[in-house]
Amino acid sequence: MTATRLKAMLPPAASVVVAVAIATVVVAADPTSEAGFPLPPCPLKLLFGIDCPGCGAARMIYSLLHGDLPAAVHYNAAAVLFVPFFLWTWGGWAWGRWRGRRVRTWEQWRWSPHVALVLIAVWSVARNLPFEPFSSLRA
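Each position in the sequence shown, counted from 1, maps to that position plus 46 in our numbering.
There may be inaccurate statements among the hints.
Pair by pair, the computed Cβ-Cβ distance ranges are [claimed, not checked]: (1) Leu90 <-> Ala60: 23 to 31 Å; (2) Trp136 <-> Pro87: 26 to 34 Å; (3) Arg150 <-> Glu80: 44 to 52 Å; (4) Trp134 <-> Ala81: 20 to 28 Å; (5) Leu93 <-> Trp155: 15 to 23 Å; (6) Val73 <-> Pro116: 24 to 32 Å; (7) Trp157 <-> Phe132: 14 to 22 Å; (8) Ala81 <-> Trp155: 25 to 33 Å; (9) Gly146 <-> Pro87: 23 to 31 Å; (10) Met55 <-> Phe94: 25 to 33 Å; (11) Phe132 <-> Met55: 17 to 25 Å; (12) Lys53 <-> Lys91: 22 to 30 Å; (13) Ala167 <-> Pro116: 22 to 30 Å; (14) Trp141 <-> Val161: 17 to 25 Å.
No wet-lab data here; the hints were simulated from the structure.
Owing to the predicted nature of the structure, the values given are computational and were not obtained by experimental measurement.
We put the CB at the ideal spot given by N, CA and C, even for glycine.
Can you build the whole structure from these sequences, using the hints too?
Written out as structure tokens, the structure is:
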């Protein structure tokens, strides 16, 4: 293994360290109950009383780390669906750094940014509608 390749892998390794640290904080905080220490609230929810697309993500991560998929989907279904795409993106980035050239992922597909923005917008509106079945999507 060359020094250049090791140097190229420092950012992916650092991102894994940061992810493990964040996961440790989320597990210690236990955002699903009052038992842990409090995480900061969502500013959008605090100011306007509505759920942003990421609301419930800490509880979703906590539930995924404990293997509770139904609870994770309850807290933030869109984020659960995004996790495989995020892992694909990270894996492509890390593999590309290892190989020394870019690896194409879903982000480079022509309509990906547009589809992602539309899905985020639809999720944002749907989870804030005040009637069933949408009210059950609130974080």
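Query raised in the report: Given a hinted range of 22 to 30 Å, is it respected by the beta-carbon distance of Lys53 and Lys91?
Result: For Lys91 against Lys53, whose Cβ atoms are near 41 Å apart, the range 22 to 30 Å is violated.
Query raised in the report: Honestly, do Trp136 and Pro87 meet the 26 to 34 Å range at C-beta?
Result: holds, 27 Å
Requested in this report: Just tell me: holds or violated, for the beta carbon distance of Phe132 and Met55 against 17 to 25 Å?
Outcome: Distance hint for Phe132, Met55 holds at roughly 19 Å.
Query raised in the report: Does the Cβ pair Ala81, Trp155 satisfy 25 to 33 Å?
Result: At roughly 43 Å between Cβ atoms, Trp155 and Ala81 fall outside 25 to 33 Å, so the hint is violated.
Query raised in the report: Is 17 to 25 Å a correct range for the gap between the Cβ atoms of Trp141 and Val161?
Result: Since the Cβ atoms of Trp141 and Val161 sit about 24 Å apart, the hinted range of 17 to 25 Å holds.
Requested in this report: Could you tell me whether the CB distance from Trp134 to Ala81 stays inside 20 to 28 Å?
Outcome: violated, 34 Å
Query raised in the report: Given a hinted range of 44 to 52 Å, is it respected by the beta-carbon distance of Arg150 and Glu80?
Result: Cβ of Arg150 to Cβ of Glu80: about 45 Å, so the range 44 to 52 Å holds.
Report task. Starting from the range 14 to 22 Å, see whether the pair Trp157 and Phe132 falls in it by beta-carbon distance. Result -> holds, 18 Å
Query raised in the report: Holds or violated: 22 to 30 Å for the Cβ distance of Ala167 and Pro116?
Result: Once the Cβ atoms are compared, 26 Å apart, the range 22 to 30 Å for Pro116 and Ala167 holds.
**Report entry** C-beta pair Leu93, Trp155: status relative to the range 15 to 23 Å that was hinted
**Finding:** Between Leu93 and Trp155, where Cβ atoms are some 35 Å apart, the hint is violated.
Query raised in the report: Lying within 23 to 31 Å: is that true of the beta-carbon distance Leu90 to Ala60?
Result: holds, 29 Å
Query raised in the report: Could one say that the CB atoms of Val73 and Pro116 fall in the range 24 to 32 Å?
Result: violated, 19 Å
Checked against the numbered hints given earlier, the structure breaks hints 4, 5, 6, 8, 9, 10 and 12 and satisfies all the rest.
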